[in-house]
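Protein chains: 2
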Amino acid sequence: MSALPADVCEFIASARLGRLATADGAGQPLVVPFCYAWDGEALVSAVDDKPKRAGDLKRVRNIRENPKVSVVIDHYDEDWRRLRWVIIQGLAEILTAGRDFAAGIDLLLSKYPQYRGMGLSRDKGTMIRVRPGKVLQWRYAS
Amino acid sequence: MSALPADVCEFIASARLGRLATADGAGQPLVVPFCYAWDGEALVSAVDDKPKRAGDLKRVRNIRENPKVSVVIDHYDEDWRRLRWVIIQGLAEILTAGRDFAAGIDLLLSKYPQYRGMGLSRDKGTMIRVRPGKVLQWRYAS
Numbered sequence: 001m002s003a004l005p006a007d008v009c010e011f012i013a014s015a016r017l018g019r020l021a022t023a024d025g026a027g028q029p030l031v032v033p034f035c036y037a038w039d040g041e042a043l044v045s046a047v048d049d050k051p052k053r054a055g056d057l058k059r060v061r062n063i064r065e066n067p068k069v070s071v072v073i074d075h076y077d078e079d080w081r082r083l084r085w086v087i088i089q090g091l092a093e094i095l096t097a098g099r100d101f102a103a104g105i106d107l108l109l110s111k112y113p114q115y116r117g118m119g120l121s122r123d124k125g126t127m128i129r130v131r132p133g134k135v136l137q138w139r140y141a142s
Numbered sequence: 001m002s003a004l005p006a007d008v009c010e011f012i013a014s015a016r017l018g019r020l021a022t023a024d025g026a027g028q029p030l031v032v033p034f035c036y037a038w039d040g041e042a043l044v045s046a047v048d049d050k051p052k053r054a055g056d057l058k059r060v061r062n063i064r065e066n067p068k069v070s071v072v073i074d075h076y077d078e079d080w081r082r083l084r085w086v087i088i089q090g091l092a093e094i095l096t097a098g099r100d101f102a103a104g105i106d107l108l109l110s111k112y113p114q115y116r117g118m119g120l121s122r123d124k125g126t127m128i129r130v131r132p133g134k135v136l137q138w139r140y141a142s
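Protein chains in written order, with my numbering: chain A, 1 to 142; chain B, 1 to 142.
Hints may be right or wrong, so weigh each one.
Identical chains blur together in the list; that is why a pair holds if it fits in one copy or across any two.
Here are the simulated EDC-like pairs of lysine to aspartate or glutamate, each with C-alpha atoms no more than 20 Å apart in a straight line [said to hold, decoys possible]:
1. 111 x 79
2. 134 x 77
3. 111 x 7
4. 134 x 123
5. 58 x 41
Don't read these hints as lab results, they were simulated from the structure.
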C-alpha cells in the first residue's frame, strides 16, 4: 500500500500495545494483546518467551490457516472527546528468519527494553508481520 | 456456561475498555474498541451514538453473518510482571429490545456516566450481547 498518513504513523509508532485479531478456518476469531513495532511498511511482533499458556500459539496456527487479520491501536480516556483509534485490516505472515525478521527484532528490542534479557534474538524465534491493506481511523471529534 | 471465577468477574467488571473481534463470512476479522458492562451472564455493549464513520456498523453485519466472537480484556503495564489478560470466546447476538436489552442499557449508563445525555435509552438502539463459551486467562507470573 501507499505510505500511511504521517499522523497515523506517529500514533501507531508511539502506542505501546495494540490488539491483534485472527480467525481460524472455521471463522472463530481470536483477539490478543499485541506488542509491536512499525518497520516502515508493516507491524512486527514477536511470539516471545513471556511465560505462556499452552494454547497461546493459536494465533500462529490461525494465521497459517487464514492470513487475514485486524489490528486495533487505540487511545482510551474517560473524556470521550479524546477517544481515538486506528484499525489496520491486513495480511499477516509468519517469519522465522531473514532480513525483515532481523530488522524486526532490532526494532522490538529498541521499543521494548523489557525484551532485553528475555532471549529475543535475531538467531531464532517466530515473528508475526502484518502488512496493512485498508487503514481506518476515527476520532470522537472528527 | 457455569459462573466465571470470582477474580475473573471482578477483573472484567472493573476494566473500562475491552476489544471485540468479529469475522465476516469470508473469514476477515475486525477488531474494535469495546465499552461494555457485565450483566452477570454476558457482556453487553451499545452500538452507541458517538459520531461514527459510515462503515462502523460492520461489526453488527459481521455478527449477523457469523456470531462467533472474541473479546480481550487486558491490563498493560511497563512492568511486564503485571501484565494480565482475560479472553472470552463466545457467541454474540444483536438485541434491539427486551428484558436483557433494557437491563443492559441500565448497566451501561451506570458504568459509563459519559453515556448520559448521549441519547442512550431503553426505548431504542442496538446492543451487542456476548455470552461466554470458553474463557482463557493469563498473568505473566502465573
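Results for each hint:
no.: 1; hint: 111 x 79; result: between (28 Å within a copy, 14 Å between copies)
no.: 2; hint: 134 x 77; result: neither (25 Å within a copy, 29 Å between copies)
no.: 3; hint: 111 x 7; result: within (19 Å within a copy, 32 Å between copies)
no.: 4; hint: 134 x 123; result: neither (32 Å within a copy, 36 Å between copies)
no.: 5; hint: 58 x 41; result: neither (25 Å within a copy, 26 Å between copies)
Against the hints set out earlier in the document, violations occur for numbers 2, 4, 5.
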